[in-house]
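J.: The chain contents come next:
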Amino acid sequence: MEKIFDKKLLVIGPPRSGFTLLINVLTNIIRYSGYRFKQTEKRSFLKNFVPLAGHFLYSELEHFFKKYIDLSKLVLSPEFKLLVGGPKWVNGDMAYIRKYIGIEDEGCFLLVFIFPKQILDYYEVIHSHYNPIFWLNDNYYKSYLKFASIRNPLDILNSSVFSINAMTGAYIFKHNLSDIDKIREQLGLYKLTDLNVFEGLALWLKEYLKEFLKVKNNYFVMRWEDLITEPAKTIRKLASIIGLSVSENMALEIWDKMKYRNLTRWHVLNFRKGIIGDWKNHLTNFHIEILKDLGYDVLCKELGYGSLYYLKVSEYTDFQKYIEECIKKKKIYNNIEDKNIFIFGFNQTNIKTEKFGFKSFSMKDYHLYIEKTTIDNEIFFKKLLETLEPIVEKIGAHLLNKLTLLS
Amino acid sequence: MDNQSLSVYKTYGTSFLNSITCEKKKMQVFKSIKKLPYNIKVCLYAEKYEKILPVLKRQRADIEIVCLLGSKGFEYEGIPGIKFEYFLKMSDFIKEVIGCHSVLFLNLKEDILKAIEDCGFDCYLIEKLENGENI
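As given, the protein sequences belong to chains A and B, one line each in that order.
Numbered per my numbering, the first sequence spans residues 1 to 407.
Numbered per my numbering, the second sequence spans residues 408 to 542.
Don't take every hint at face value.
[Claimed, not checked] Derived lysine-lysine pairs resembling DSBU-like cross-links, with alpha carbons at most 35 Å apart: (1) B/LYS479 with A/LYS66; (2) A/LYS73 with B/LYS438; (3) B/LYS438 with A/LYS66; (4) A/LYS7 with B/LYS448; (5) B/LYS502 with A/LYS66; (6) B/LYS502 with A/LYS146; (7) B/LYS438 with A/LYS174; (8) A/LYS328 with B/LYS442.
Simulated from the structure, these hints should not be mistaken for lab results.
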């Protein structure tokens with residue numbers, strides 16, 4: 001008979017740090033131990049309301065697009081059709097949920113919805129890539145057991161440059177593009193030869209890590225490297241933190257079912273098999289120099305990954321040699337034939353983009369805004385915001401009302 | 408912005424919930440799906456969605472399917488499946504926000520029909536439906 005697991009769990013971590021792995025390990029520990037998450041009336045309501053409201057909002061979004069663009073050019077990951085799908089963070093009482101939307105041959109934009117933060121209780125494990133300090137100070141999350149994933153920052157950055165975001169993934173599936181490895185490599189070549197991009201990624205991660213280091217002792221930290229090298233031990237340790245006991249065999253069984261595979265439902269191209277120290281095969285001393293200037297020496301040491309060091313140029317891989325040659329010649333790799341892949345794959349998120357001149361649009365007191373876009377069309381975005389605002393407002397109001405009644 | 412957003416949600420929510428009325432409707436029976444009113448939004452009740460949905464979508468593209476009713480949460484072809492008890496709890500939202508006032512029954516389920524009628528939805532039943540043949 002299934003037992004009820006009634007503790008509340010929260011996971012934070014930067015993308016590419018074992019974040020999704022950690023969420024899945026925790027969920028699987030509970031499942032394999034014969035427990036299931038407590039289904040409160042509130043969560044049961046959200047499990048029904050969120051898909052319904054998300055489907056409605058997406059239909060309205062589609063109606064809007066029909067008026068202005070050729071709908072066949074719309075690129076949106078199915079993940080984002082769920083109301084809570086996409087990167088999320090909380091500020092005060094409100095949850096911010098980001099949707100990444102592309103229009104082929106036009107560009108892309110980040111649309112952020114603002115809902116009462118209770119909407120995130122849809123998830124059994126609350127999770128976010130942002131604001132390590134916030135979750136500790138907010139009373140609403142006081143009783144949560146808080147976990148954080150961390151990985152060598154150099155490997156996080158290395159993984160980031162090769163990552164294929166959800167929107168690019170949706171575009172690749174839509175057009176049935178097959179050479180995923182080539183696309184990954186091309187995106188990596190671009191991001192490593194454009195030092196502004198690399199610096200933007202490193203700046204974003206630096207800000208996260210600086211904030212995290214101030215409070216890391218308040219989180220149960222899972223090192224990605226520990227999970228990879230000692231999975232059973234790491235899983236058993238995580239189990240004991242949540243008050244469950246897992247045998248060595250069960251821990252290995254859990255790991256076997258999830259290692260080296262995509263663990264997200266929709267974002268399937270997000271997965272790339274991680275290798276400890278793989279940064280040494282792709283980054284060059286130009287990148288190390290940037291990281292040193294940004295203070296990564298201290299960050300890496302404080303996280304327990306030792307000081308930064310330069311690589312031996314004589315031991316560079318062919319990939320590194322090519323990158324170095326491009327950087328020396330100030331040549332940014334741009335041989336990506338499909339410009340949509342190039343634009344969608346840029347990754348406007350988790351990167352400081354001040355140098356790239358993206359636009360943003362917002363309207364006072366609205367519950368949604370355009371965080372960043374490559375499309376310079378104020379009228380289009382004004383209309384989009386005006387069309388969706390009454391719907392988003394009604395969804396938020398209804399949600400808050402029902403949840404208040406339920407509690 | 409945050410506190411303001413929340414207070415807007417609170418004020419709005421109160422007035423909008425107060426405005427909801429609930430008038431009991433009677434079921435209408437149609438011989439074929441082709442006879443249904445045009446351009447309506449419906450929630451759907453069927454025993455086998457995988458058989459019915461493709462036919463419905465093909466023959467009546469003007470009908471917008473808001474959700475599927477079932478005994479558990481699920482999703483079919485991107486359309487959310489809603490547990491019946493939560494459908495009733497969200498009936499105000501479905502009517503007032505989504506603008507859906509109709510439930511289409513492709514199989515008759517009396518107890519569900521009665522509860523939905525009591526909630527003020529227009530209920531449509533398609534008669535003699537066999538494997539989607541006579542839709």
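J.: The structure should be examined with respect to each hint, and the outcome stated for every one.
T.: Hints versus structure:
Note on B/LYS479 and A/LYS66: the hinted pairing holds, with a Cα-Cα distance of about 33 Å set against a maximum of 35 Å. For the proposed pair A/LYS73 and B/LYS438, the alpha carbon gap of about 39 Å is over 35 Å, so the pair is violated. Using a Cα cut-off of 35 Å, the hinted pair B/LYS438 and A/LYS66 holds, with the two alpha carbons roughly 33 Å apart. With a C-alpha separation of about 40 Å, the suggested pair A/LYS7 and B/LYS448 falls outside the 35 Å cut-off, and the hint is violated.
Between B/LYS502 and A/LYS66, the direct Cα distance comes to roughly 24 Å. Compliance with the 35 Å bound is thereby established for this hinted pair. In summary, the hint linking B/LYS502 to A/LYS146 is not supported, as the alpha carbons are separated by about 39 Å, beyond the 35 Å threshold. For the proposed pair B/LYS438 and A/LYS174, the alpha carbon gap of about 39 Å is over 35 Å, so the pair is violated. Proposed proximity of A/LYS328 and B/LYS442 is contradicted: the alpha carbons are some 71 Å apart, above 35 Å.
Hint check: violations occur at hints 2, 4, 6, 7 and 8; the rest are consistent with the structure.
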